Amino acid sequence: MLVTPLAKLAAFFVGLLLLISSVQAETSPTWTQATALFKQASFDKTREAIDLLAASNEPQVPSLLQALLDGQLYQHKQTDALALLSDKANTDLSSGQKLEAVKQDEYRKVPMNNTLRKYLRSKLGSLSLSSPDPKLRLASANGLLETVTPEMLPQLRELLSKETDEKVKAALDLAVQLASLSASDKAIKLASIQALNGNLNPAVRNKMTVLSTDADPEIAKAAKTTLRGIEDKAALSAQMETLFFGLSLGSVLVLAAIGLAITFGVMGVINMAHGELIMLGAYTTYFIQKLLPNFMDYSLFLAIPAAFIVSGLMGILIERTVIRHLYGRPLETLLATFGISLILQQLVRTVVSPQNVPVSNPSWMSGSLEINSVLSLTYNRLYIILFCLIVFAILYFVLRNTNLGLQVRAVSQNRAMARAMGVRSARVDALTFGLGSGIAGVAGVALSQLTNVGPNLGQAYIIDSFMVVVFGGVGNLWGTLVAGLSLGVINKFLEPWAGAVLAKILVLVFIILFIQKRPRGLFPQKGRAAGD
Amino acid sequence: MLLNNKLKKTLLAAGTAAALTWSSLSFAADDTIKVGVLHSLSGTMAISETTLKDTMLMLIDEQNKKGGVLGKKLEAVVVDPASNWPLFAEKARDLIEKDKVAATFGCWTSVSRKSVLPVFEEKNSLLFYPVQYEGEESSKNVFYTGASPNQQAIPAVDYLMKDLEVKRWVLAGTDYVYPRTTNKILEAYLKSKGIDEKDIMINYTPFGHSDWQSIVADIKKFGGEGKKTAVVSTINGDANVPFYKELGNQGITAETIPVVAFSVGEEELSGIDTKPLVGHLAAWNYFMSVDNPANKEFIAKWQEYTKNPKRVTNDPMEAHVIGFNMWIKALEKAGTTDTDKVAEAMIGLEVPNLTGGTAKMLPNHHLTKPVLIGEIQENGQFEVVSKTPEVAGDAWSDFLPDSKNLVADWTGKETDGKPCGNFNTETKKCSGQKYE
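Protein chains in written order, with the working numbering: chain E, 7 to 538; chain H, 6 to 441.
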């Protein structure tokens with residue numbers, strides 16, 4: 007029978023349709039098998055499914071595995087279809103099409119645990135070594151380091167020659183060296199051991215520790231030398247790290263104490279409510295963040311002036327209503343300010359909540375700056391050290407170069423003489439107290455980023471503030487800076503031996519002994535009438 | 006001003022009438038059964054304990070809707086001991102002496118429980134303690150509805166050893182009796198499993214500790230020596246928040262050094278950003294994510310009661326649910342609120358738990374509980390990665406030399422006929438309660 011051209015055309019289109027539909031359905035045997043394995047919802051079967059999919063070359067596999075890693079892989083309870091469900095997009099993974107009107111109840115999440123995640127990460131890593139995104143390439147190169155074998159050398163060398171990104175190049179080079187450590191050729195091994203000298207990556211250190219007990223004496227000796235070099239460098243980095251911790255703790259102490267140094271120095275007032283002024287600054291940050299939830303990253307820039315004003319005004323209020331009437335009576339001032347601190351704490355407990363309030367860190371404050379493999383500086387602490395220095399500089403400028411500063415210094419050195427020269431000492435007192443309290447508020451903003459914000463926040467820092475002021479002396483802002491930073495550094499260097507609590511005790515004992523020798527602190531006020 | 010006779014008489018009459026009315030009013034109020042709620046509502050432990058107060062109020066409310074118990078309504082007496090341990094004892098005494106509560110549901114930290122223990126024993130009143138703790142105690146007046154170490158700490162360590170092949174251990178805790186004793190038990194257990202002393206690092210910090218830089222850096226170093234390392238955390242209260250933040254900031258993920266916590270649950274996680282914590286673990290006997298009808302019903306009731314569809318539930322809440330339901334059953338069985346009769350009626354009672362099984366009150370005043378290990382998810386919930394059937398709570402750990410021969414039995418069966426909380430099976434003597 008003759009097959010008419012029309013019939014041929016029809017057959018062609020039917021064939022084409024079948025082809026298209028089969029491509030769209032994408033139910034390859036691997037996929038079906040993997041779907042069945044996922045359905046069993048056991049960690050072992052999921053691992054098998056991962057192996058199966060990673061070995062196949064299907065295009066949807068990387069997105070499926072990435073979804074699984076991110077905890078976004080779901081399976082439909084009836085149809086067993088695999089889908090990616092997330093806040094941003096819902097996709098059917100076999101076709102790659104977007105899913106409309108998804109009901110979460112109809113899907114069951116494919117469970118993952120830590121072991122599986124690690125396994126999957128290494129599988130994805132080898133799949134992403136040639137990814138166009140340099141970040142993915144770096145991540146997968148770093149992921150290889152612990153498990154690299156000599157068999158991977160040709161592939162690694164090829165990738166290294168084609169690599170353009172500096173960081174990825176370094177990671178691949180390290181991988182090549184680590185792989186060569188397990189090579190059978192002794193010369194290659196020795197060359198790699200020498201090349202790895204000074205590399206602080208923990209994978210290198212572990213390999214060297216193993217090799218230093220190698221049967222071959224030459225290799226063992228080379229490994230030992232390299233290991234010693236690494237350990238010396240690591241020890242130095244550890245010291246730098248402790249110094250950084252000390253400076254960051256010290257900068258917190260300085261911020262907390264500097265306001266107190268000003269009020270104590272100028273007016274001789276022992277302000278037990280200083281901690282609560284810090285706490286008010288921290289709560290101001292919370293309220294700013296609550297008012298502007300969409301501007302989290304800029305909230306701190308608003309919170310700093312706001313906290314200064316809030317705490318400053320509270321300070322002026324305290325000075326005008328209570329402290330002014332108790333001038334010259336330090337014990338009564340101490341009691342009165344202690345009472346004010348209790349009032350402020352209870353006020354916050356009643357008006358806000360007795361529990362802690364959540365203050366979030368802006369995104370630029372999370373994470374750390376990696377100097378080398380053993381030394382990373384957390385951003386929040388780094389910024390707070392900088393912030394402390396900036397605040398100190400501003401205060402120094404105010405006290406040295408402004409009219410107010412001149413009057414403050416005059417009143418603190420010799421009140422009677424200053425009054426005789428026409429300085430309105432009562433107004434200066436109020437402004438000084440306001441300034442000191444405002445700085446306390448700003449310190450509260452910094453503290454809100456490091457610690458829990460609750461009504462008891464002030465209690466944790468009042469003792470430390472007095473400690474710094476007493477140690478540093480009240481004559482000079484430098485006293486507070488040096489005292490705060492050195493106390494922080496001493497505390498952190500003692501901590502590894504003595505533990506957190508004992509280190510604090512030892513620092514307090516040290517200050518008590520120091521005060522016996524120099525009662526006026528590190529930088530006492532100079533002059534005949536000073537500090538009577 | 007002189008009072009003349011008539012005025013005096015009038016005043017006396019008025020005064021007596023007022024006093025009689027006042028006392029009759031208080032007698033009228035006496036027609037309820039009072040329940041003490043002794044949880045910190047402020048201070049460092051408020052983050053964990055406030056929700057337990059709300060749970061008790063909901064349970065009492067629900068029971069009252071069913072008609073109360075023994076023909077009377079229940080009345081909650083809520084006090085705030087403010088995370089202040091000596092204040093716990095004072096408040097407990099007030100609850101028993103002044104408010105005349107029939108039983109108290111309270112405490113979280115072991116130090117608060119140790120503070121109130123002498124009060125409850127002296128005044129012979131009942132305490133239901135809902136939190137996982139270190140064991141080494143069994144009191145006639147306390148019912149421990151939380152996990153003892155063999156129902157939480159030991160199974161968690163087993164999971165880490167077997168499933169995650171952990172070889173080096175960091176035991177980090179807050180500095181008080183619960184972490185100290187638990188770490189003693191765990192150290193003995195690890196050594197019995199062949200772990201070398203230099204592969205165990207132990208560290209204690211004060212309550213509310215916020216500067217975790219050096220400690221987390223030490224953990225990083227300890228874990229960077231090639232052997233798989235894990236942290237077993239008995240850190241309590243709001244010190245957990247900066248601890249987990251610092252872990253995240255220093256780049257420690259659950260895949261490199263997993264942290265299994267015993268005092269961090271859904272409530273503690275609801276206040277922090279959980280993205281850097283995904284994969285870290287907790288060991289409890291209940292998780293909000295457990296999928297079964299009893300749990301779903303409880304969560305729905307709770308979210309309706311607190312008018313917050315995002316409010317979470319956690320293990321100590323389930324312990325209060327079990328404890329309260331058992332207490333009601335015991336009251337009905339004993340027919341009275343008398344402490345001794347109720348305590349006797351409690352033993353052997355079974356009530357359903359919220360994970361699909363049942364909890365039974367054992368003669369040592371502990372429960373049977375399943376052990377669940379969960380991994381933190383991005384939404385602050387836990388994904389269960391391991392589950393056991395019900396384990397009987399052991400008050401006296403078999404891994405400490407001082408306690409492996411001790412047994413607690415308030416029916417007297419295992420203790421030579423005389424009910425005793427710490428009976429030595431070797432010397433056949435019953436030593437008294439230790440209060441420290």
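Simulated from the structure, these hints should not be mistaken for laboratory data. Quantities reported herein were computed from a predicted structural model and do not represent experimental measurements. Check before you lean on any hint, since a few could be wrong.
[To be verified] Listed below are the simulated DSS-like cross-link pairs for lysine-lysine, each with C-alpha atoms no more than 25 Å apart in a straight line: (1) E/Lys51 to H/Lys392; (2) E/Lys129 to H/Lys365; (3) H/Lys315 to E/Lys296; (4) E/Lys124 to H/Lys365; (5) H/Lys392 to E/Lys239; (6) E/Lys94 to H/Lys78; (7) E/Lys510 to H/Lys226; (8) H/Lys301 to E/Lys83; (9) H/Lys225 to E/Lys510; (10) E/Lys124 to H/Lys39; (11) H/Lys39 to H/Lys70; (12) H/Lys203 to E/Lys230; (13) H/Lys301 to E/Lys115; (14) E/Lys296 to H/Lys392; (15) E/Lys239 to H/Lys226; (16) E/Lys45 to E/Lys115; (17) H/Lys315 to E/Lys129; (18) H/Lys315 to E/Lys124; (19) H/Lys315 to E/Lys94; (20) E/Lys230 to H/Lys233; (21) E/Lys173 to H/Lys312.
[Said to hold, decoys possible] Some, not all, of what chain H presents toward chain E, calculated at C-beta under 8 Å: (22) Ser47; (23) His214; (24) Asp223; (25) Gly253; (26) Asp278; (27) Gly340; (28) Thr341; (29) Thr342; (30) Glu380; (31) Pro424.
[As the list claims (entries may be wrong)] Reference listing, derived: stretches of chain E covered by chain H, where coverage requires no fewer than 3 residues with Cβ under 8 Å from a Cβ of chain H: (32) 299 to 313; (33) 349 to 357; (34) 460 to 473; (35) 494 to 507.
Every residue gets a Cβ at the ideal spot worked out from N, C-alpha and C, and that includes glycine.
Hints versus structure:
1. Of the supplied pair hints, the one linking E/Lys51 and H/Lys392 holds, its CA atoms being roughly 18 Å apart against a limit of 25 Å.
2. Proximity of E/Lys129 to H/Lys365 is assessed by CA-CA distance (about 46 Å); at most 25 Å being required, the pair is judged violated.
3. Restraint check for H/Lys315 and E/Lys296: the C-alpha separation of about 18 Å stays at or below 25 Å, so the hint holds.
4. The straight-line distance between the Cα atoms of E/Lys124 and H/Lys365 is roughly 39 Å, outside the 25 Å bound, and the hint therefore fails.
5. The hinted pair formed by H/Lys392 and E/Lys239 fails the criterion: a straight-line CA distance of about 45 Å is larger than 25 Å.
6. For the suggested pair E/Lys94 and H/Lys78, the alpha carbons sit about 51 Å apart, so the restraint of at most 25 Å is broken.
7. At most 25 Å may separate the alpha-carbon atoms for a hinted pair to count; E/Lys510 and H/Lys226 meet this at roughly 23 Å.
8. With a C-alpha separation of about 19 Å, the suggested pairing of H/Lys301 with E/Lys83 holds against the 25 Å cut-off.
9. At roughly 23 Å between alpha-carbon atoms, H/Lys225 and E/Lys510 fall within 25 Å of each other, so this suggested pair holds.
10. With a CA separation close to 53 Å, the supplied pair E/Lys124 and H/Lys39 exceeds the 25 Å bound.
11. With a C-alpha separation of about 16 Å, the suggested pair H/Lys39 and H/Lys70 falls inside the 25 Å cut-off, and the hint holds.
12. For the hint linking H/Lys203 to E/Lys230, the alpha-carbon distance of about 22 Å falls within 25 Å, and the restraint holds.
13. Pair hint H/Lys301 plus E/Lys115 holds up; C-alpha atoms about 18 Å apart against a cutoff of 25 Å.
14. A threshold of 25 Å between alpha carbons decides the hint, and for E/Lys296 with H/Lys392 the separation of about 40 Å lies outside it, so the pair is violated.
15. Using a Cα cut-off of 25 Å, the hinted pair E/Lys239 and H/Lys226 holds, with the two alpha carbons roughly 14 Å apart.
16. The suggested pairing of E/Lys45 with E/Lys115 holds, with an alpha-carbon distance near 10 Å, which does not exceed 25 Å.
17. Restraint check: the Cα-Cα separation between H/Lys315 and E/Lys129 comes to about 37 Å, which exceeds 25 Å; the hinted pair is violated.
18. Simply put, H/Lys315 and E/Lys124 have alpha-carbon atoms about 31 Å apart, too far for the 25 Å limit, and the pair is violated.
19. Distance hint between H/Lys315 and E/Lys94 is fulfilled; the C-alpha atoms sit about 21 Å from each other, no more than 25 Å.
20. With a C-alpha separation of about 23 Å, the suggested pairing of E/Lys230 with H/Lys233 holds against the 25 Å cut-off.
21. Simply put, E/Lys173 and H/Lys312 have alpha-carbon atoms about 52 Å apart, too far for the 25 Å limit, and the pair is violated.
22. Satisfaction of the interface hint for H/Ser47 is found here, the shortest Cβ-Cβ separation to chain E being roughly 4 Å, below the 8 Å cut-off.
23. With its C-beta approaching chain E no nearer than about 6 Å, H/His214 sits inside the 8 Å limit, and its interface hint holds.
24. The criterion of a C-beta within 8 Å of any C-beta in chain E is met by H/Asp223, whose closest approach is roughly 7 Å, and the hint holds.
25. For H/Gly253, the interface hint holds, the least distance from its beta-carbon to any beta-carbon of chain E being 7 Å, beneath 8 Å.
26. Taking 8 Å as the C-beta cut-off, the interface hint given for H/Asp278 holds, the closest approach to chain E being about 7 Å.
27. Taking 8 Å as the C-beta cut-off, the interface hint given for H/Gly340 is violated, the closest approach to chain E being about 40 Å.
28. Using the Cβ-Cβ criterion of 8 Å, the hint placing H/Thr341 at the interface with chain E is not satisfied: the shortest such distance is roughly 37 Å.
29. The interface hint given for H/Thr342 is broken, as the beta carbon of that residue sits about 32 Å from the closest beta carbon of chain E, more than 8 Å.
30. Interface restraint check: H/Glu380 against chain E, minimum CB-CB distance 6 Å, threshold 8 Å, status holds.
31. Because the smallest distance between the Cβ of H/Pro424 and any Cβ of chain E comes to about 40 Å, over 8 Å, the interface hint for this residue is violated.
32. By the rule of at least three residues with a Cβ nearer than 8 Å to a Cβ of chain H, the coverage given for the stretch 299 to 313 of chain E is violated, with 0 such residues.
33. With 1 residues bearing a CB less than 8 Å from a CB of chain H, the stretch 349 to 357 of chain E misses the requirement of three and the coverage assertion fails.
34. Counting residues of the stretch 460 to 473 of chain E whose C-beta lies closer than 8 Å to any C-beta of chain H gives 4; at least three are required, and the coverage claim holds.
35. Check on the stretch 494 to 507 of chain E: 6 of its residues sit with their Cβ under 8 Å from a Cβ of chain H, so the three-residue criterion for coverage holds.
Hint check: violations occur at hints 2, 4, 5, 6, 10, 14, 17, 18, 21, 27, 28, 29, 31, 32, 33; the rest are consistent with the structure.
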